[in-house]
Structures are given as C-alpha cells and as structure tokens.
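Number of protein chains: 2
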Amino acid sequence: MKKVHGLELKPIGVIRSPYKNRADVPYQGHRSERISLIEVLEEFEEGLQDIEEFSHIIVIYWFHKCHGYHLLVKTPWDDIPHGLFSTRSPHRPCPLGLTVVKLVARNKNILKVTGLDAIDGTPILDIKPYVPAVDRRPTAKSGWLKGKGKPEKKRC
Amino acid sequence: MKKVHGLELKPIGVIRSPYKNRADVPYQGHRSERISLIEVLEEFEEGLQDIEEFSHIIVIYWFHKCHGYHLLVKTPWDDIPHGLFSTRSPHRPCPLGLTVVKLVARNKNILKVTGLDAIDGTPILDIKPYVPAVDRRPTAKSGWLKGKGKPEKKRC
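For the protein sequence lines, the chains are A and B, in the order given.
Sequential numbering of the first sequence, starting at 1, is according to the working numbering.
Sequential numbering of the second sequence, starting at 1, is according to the working numbering.
Each hint should be verified, as a subset may be incorrect.
The list treats identical chains as one, so a pair stands whether inside a single copy or across any two.
Result set (BS3-like, lysine-lysine): computed pairs, CA atoms no more than 30 Å apart in a straight line [stated by the list, open to error]:
| id | residue 1 | residue 2 |
| --- | --- | --- |
| 1 | K148 | K10 |
| 2 | K146 | K102 |
| 3 | K74 | K112 |
| 4 | K20 | K10 |
| 5 | K146 | K108 |
| 6 | K74 | K148 |
| 7 | K108 | K141 |
| 8 | K74 | K108 |
| 9 | K148 | K108 |
| 10 | K74 | K146 |
Keep in mind the hints are simulated off the structure, nothing from the lab.
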C-alpha cells in the first residue's frame, strides 16, 4: 500500500485541452462536443480498469492559474454579487475544479472525454465514476441561477 | 484579494456528523435523512451568501482517516477487483471525497444538511452549488455497478 500524508496533493495526471486559457473556454463548456484528453500518469494506469464501462466520470482538478479569491463575487450571469460558495468561480480558497464529463474512450492511461471545461495543462487530482444512483438529483433547484440561460457579459 | 499558493490545501471548515467512524456510515448514506452540520470557518461566512437558495450543494472533503491506496480494489458490491478510479473507495492517491447533499438550512456559518456520508471531524475543502443544468446527467450509465442494489458484504 502506498502512503499519503497530510493535505499535500500530488496530481495523478494532466489535461490536454483545446482551451489554451480561461478566455477560450465556452460558458457552457460542459455541453461542448470538443475532445479533451486526460493523461493519467502511467504509474496509475491499473487504477483505470473498468472505467470505460461508465458513460460519465467526475474529474476533480486544480485551478492552477488561479491564485486568490474574494468572498463576494460578480459572475457573468448577473450584476449582483453572490457569496463565492454559491458560485462556480475558479477563484476559491481551495481552488478545486469539478466537472462531470462524458467518457468517449480509453486507450491505456489516456481518457478521451467531451464536456471538460478546463484549460490545457490543468493538473488532475482525482477521477471518480459518475454513479447515477449516488450522484443524480432529479429535483434539485438552481438557486439564483434559475432562468439565467445566457451570461450577461464576458467572462472576468 | 487573498492569495493561495501551490498544491497545499487549507480546510475551510469541518463536518459535524452522527457517524463517528467509517463503519458507522450506512452504504446508502447519501439517501439518509440524518442531519450533519457543516461548520464553515467564520472568516468564510460571507462566501456563503445566497447558498440557501440552492436545494443541493456539492461538498468536497478530505478523507483524513485514509492514508494509502491500492490501484485494484475489491468493494462491498462484488468479489471482482476494479480499478480504483472506477470505484468511490476513500483510499485514493488524492483522498478527496465528494457528496451531493441536500441543504436543509443555513444559520450564519453553519449549514444543516442531509445525505452527507462523511465521518465526524472531516475537514471540508470546498462547497459548490449543485446546478442542475451543469451537473445533472439524465442518461448516465452505471458501469460495473449496474443492478448492484445492495452490497454483498460488510464495508472493508
């Protein structure tokens, strides 16, 4: 068994994405059909066994270009400041990103996915199977985002 | 703006849970109506503004009692070893836990939730709103977990 200590994270891989910086990522990037590659380090390849049986996976990654945060933030969706934790802003105390992506194919340690709205070079911290019985919430409400189909201004 | 450096994470709060250790957590803990409290540090309270408008939130936490991993794991659901990343085992290279919970109420920096299957004292790293348009995957498939309604043996 390999040991893990403390709150220090070591990435398990890296994202190869068509988006070179944040401004390139479309607002509804999770709906995009553009392909990203998840290059898992070869030492972890065995841990991917059977993952191709799932149609969707949860990717947790490091917003490695974000180095600070405000507790109240304005988003592109309206002009009202909201608490940071009621937004998906990448600028967070623990800058962890999370996207549910569609798993298109696996080739050894490389996962081909769509709907990943992270930029090229983003370090990956964890991959989990999306399990409908566990993760789906059919009755969830959208809070202040209700009815906000399109952003009102450009991404900050 | 407060600065964040490197891959070193500082918890934003702690979970107060009825489960004192892993063996206490029910298998379908995400379906439980038992209340847990998320105590966000007071310094972050402002960041919770408007979160009570959402019915569900995503909680990312540290499996602080897990200090190692195997790349192939047997789960309570069958006798076949699966790749770690196609399971939700807490023993992971980056021991990050993720649960979508129901937000019952907020009192200042304290969130009252149900469906949180983490043990008492678990450090919280991030809270995000569950946004149906972003996070829901109605057609997702369950992979090797398909049809496995009940675990075949006790939790490891």
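Verification of the hints:
In this assembly of identical chains, K148 and K10 lie within 30 Å of each other by CA distance neither inside one copy nor across copies; the values are 37 Å within and 32 Å between. Taking CA atoms no more than 30 Å apart as the test, K146 paired with K102 passes in both settings, with 24 Å inside one copy and 17 Å between copies. In this assembly of identical chains, K74 and K112 lie within 30 Å of each other by CA distance solely across copies; the values are 26 Å between and 33 Å within a copy. In this assembly of identical chains, the alpha carbons of K20 and K10 lie at most 30 Å apart whether taken from the same copy (22 Å) or from different copies (28 Å).
Proximity of K146 to K108 under the C-alpha cut-off of 30 Å is restricted to the inter-copy arrangement: shortest distance 23 Å between copies versus 41 Å within a copy. In this assembly of identical chains, K74 and K148 lie within 30 Å of each other by CA distance solely inside one copy; the values are 14 Å within and 43 Å between copies. Proximity of K108 and K141 under a CA criterion of 30 Å is satisfied inter-copy only: 21 Å between copies versus 38 Å inside one chain copy. For a Cα distance limit of 30 Å, the shortest separation of K74 from K108 across copies, 21 Å, qualifies, whereas the shortest one inside one copy, 41 Å, does not.
In this homomeric assembly, K148 and K108 come within 30 Å of each other (Cα to Cα) only across copies, at 27 Å, whereas the closest approach inside a single copy is 40 Å. Taking the closest pair of Cα atoms, K74 and K146 come within 30 Å of each other only inside a single copy of the chain (16 Å); across copies the shortest separation is 41 Å, beyond that limit.
The structure fails hint 1 only (numbered hints given earlier).
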